[in-house]
Amino acid sequence: MDLFVQPLLRSLETGSVYALAALGIIIVWRTSLVMHFAQGSMGMFSGTAVAFALNRYGLPLWQAVLVGVVVAVFLGFAVDFVIIRRLKRATSVGKEIITLGLIMVFLGLAPIIFGTDPMLLPKAIPSGDFNVGGATITYNGVANILVGVAIAAGLYVVLQKTKIGLAVRATASNDQTARLMGIPTRTVTLFSWATAGVLGMLAAVMIAPTTTVTPTFMNSVQVTALFACVLGGFQTFYGPVLAAYIIAVSSNFLKLYVSTVWGDQIMFGLILLFLLLRPNGLIGKTYMKKV
Amino acid sequence: MALRIVKNPHLHFILFGVILALLPTVGRGMGMKTSTLQTLGFMLIYAIVALGLNLLLGYSGLISLGTAGFMGLGAYLAAYFQDDLKLGFWLAVLAALVIPILIGLVVGVISLRIRSIYLAIATLCISEILLKTFEQLEWFTRGTAGKQSRYPTIFGAQLDRNAVFIVIVIALVIVMMLTYNMVHGQMGRALHAMRSSEVAAQAMGVNILKYKLFAFSVATMYAGLGGALYLFFLRSSYPTTWSLFMSLTMIAVVVVGGLRSIYGTVLGAFVIYAVPELFLKKLPVIGGIAGLPYIFSGVLIILVIMFFPNGLKGLADIARNLVVRLRARTAAKEVAA
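First to last, the protein sequences are chains B and W.
Final position of the first sequence in this note's numbering is 291; the numbers increase by one with none missing.
Final position of the second sequence in this note's numbering is 337; the numbers increase by one with none missing.
Keep in mind that the hints were calculated from the coordinates and are not lab data.
Keep in mind that a hint or two might mislead.
Unchecked claim - Here are the computed lysine-lysine pairs in the DSBU-like style, where the Cα-Cα straight-line distance is at most 30 Å:
| id | chain 1 | residue 1 | chain 2 | residue 2 |
| --- | --- | --- | --- | --- |
| 1 | W | LYS33 | W | LYS281 |
| 2 | W | LYS132 | B | LYS95 |
| 3 | B | LYS255 | B | LYS95 |
| 4 | W | LYS132 | W | LYS86 |
| 5 | W | LYS210 | B | LYS95 |
| 6 | W | LYS33 | W | LYS282 |
| 7 | W | LYS132 | B | LYS123 |
| 8 | B | LYS95 | B | LYS163 |
| 9 | W | LYS132 | B | LYS255 |
This one's a predicted model, so the numbers in the text were calculated from it and none came from an experiment.
Chain B extracted, bound-state conformation (with noise of 0.2 Å):
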């Protein structure tokens, strides 16, 4: 029973993680037509801006990670007001090197703007933990699972409930007409970015704890939420995110029962093998496209 729980557990821990960043991707994804590659290094540079206020200002975590989500909303307005906006004419592909060559830019910046020492980032609550069905979870675990699930829920009723969730469904869909009935399509796009560097940075202070803050330290983190995209479909919002739970509980469960080590590179493949049979993921709709 121990050794079925207690993982489980665990990888709903790291799901909240993959879904928070996928739920980014997803989001620039729907309302750009860009795949954001840079999602993980842009939350990795916001996180790290958090472990900067709270090692070297003395911050209290809630305060550290208020001055995250100004940094990350401030980096996804910026990226999107200076470079996604005005690139109406390259392709498709010219966008997302983009966002690899922003990559770049956040791995080279952080550094210098946060030292080179890594950096530690606490629970953001220190101690105690639940008992449940002879399986103990930290307190910190149920607060990063709730947190995860609560965001998810948020945004999928801010979705599809709302009239800015149908601006941005709209935007999504078709951004010509969405503009055509006075949707401001840019505006939308706008806070999508900055709402997708939320969502990173959220991820990278969840994920922090249980590593040092380098400039590397979201990459895989980056690497499994563009899977659960593609596991989940790019079609709809919560396909990602049942992706990056599935993600993670199979990733941990290949571990215990079948090797620590290649356990992540059996899951891989796997996945690489489902699309075989469905190429447009769990929840996918066929794509089309348009001569």
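Model the placement of chain W on the given structure of chain B, informed by the hints.
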């Protein structure tokens, strides 16, 4: 006849190679440092790898983020075949070419059937898997301690640094010729057709998947070759070298140099790799910053895509047009006078 020989692009490539090959001897006479030669050697290796990526990105619009992984694989395979199995230079190079292609084909077949962008994600994943493998497969790579190697022996002759440099130059010239022939042959016409409209090309009977796979295999093969040369030149390989940053640098080389341009790619390698190493690091105040080359390449990528979609090659074209126009204007004035 004479004009046809002068205009033969293959001769240009060979001439280019001869000039590069003379660099170590001429350079020593002019007091060039060994570190400069080292930088130039790596720059040429970057050019080889980027040429493959240029075929992939420039013609089929596909992004591969696995370049570093395949390069690393090439490097470790070369070391394993040369130093552990003692099979000699040629078999080591052959292994570094063939095995990455096989892995690339498997990845390509799966991801390209679905949607182009999936190749980028799948190769990113393969690259991360390979990186983890390099760190953990001790018998093959010696893990993080790094694999040590030595200069290769070709036809019984023990090479030194300068000789390996010349081997790199020869490889570059061969790769340039191969790429030129591919682009100007039937393959190139199919790739060109695909680039302007995949649907139209498909209607004309071009098998899109086949050509995309071909372009990707070439990119993987050049990456494997580049990795092997990297190992022979540096005589060691560490897992940290083969990170995502290397793959991004290769994309920067292609984008900055100009898509679909062979000399542009070499120039791109110079700007992205040699300029930070040779010049930026020597600048006062900002030269010592560790992240500077990253920012330099990243900002260049963004600026080039935003303002000069054809890269350095595009700039050269603009300059040439200006000259032609000026000449036409002066000619017109002379006629008027």
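Checked hints:
1. Taking the CA atoms of LYS33 (chain W) and LYS281 (chain W), the gap is near 15 Å; set against the 30 Å cutoff, the hint holds.
2. Pair hint LYS132 (chain W) plus LYS95 (chain B) holds up; C-alpha atoms about 29 Å apart against a cutoff of 30 Å.
3. Only pairs whose Cα atoms come within 30 Å are accepted, and LYS255 (chain B) paired with LYS95 (chain B) is rejected, the gap being roughly 36 Å.
4. Distance restraint check for LYS132 (chain W) and LYS86 (chain W): the Cα-Cα separation of roughly 26 Å lies within the 30 Å cut-off, and the hinted pair is therefore satisfied.
5. Among the hinted pairs, LYS210 (chain W) with LYS95 (chain B) is consistent with the structure: their alpha-carbon atoms are about 26 Å apart, no more than 30 Å.
6. Straight-line distance between C-alpha atoms of LYS33 (chain W) and LYS282 (chain W) comes to about 14 Å, which keeps the hinted pair within the 30 Å bound.
7. For the hint pairing LYS132 (chain W) with LYS123 (chain B), the CA-to-CA distance comes to about 27 Å; that is within 30 Å, so the pair holds.
8. Distance hint between LYS95 (chain B) and LYS163 (chain B) is fulfilled; the C-alpha atoms sit about 29 Å from each other, no more than 30 Å.
9. For the hint pairing LYS132 (chain W) with LYS255 (chain B), the CA-to-CA distance comes to about 14 Å; that is within 30 Å, so the pair holds.
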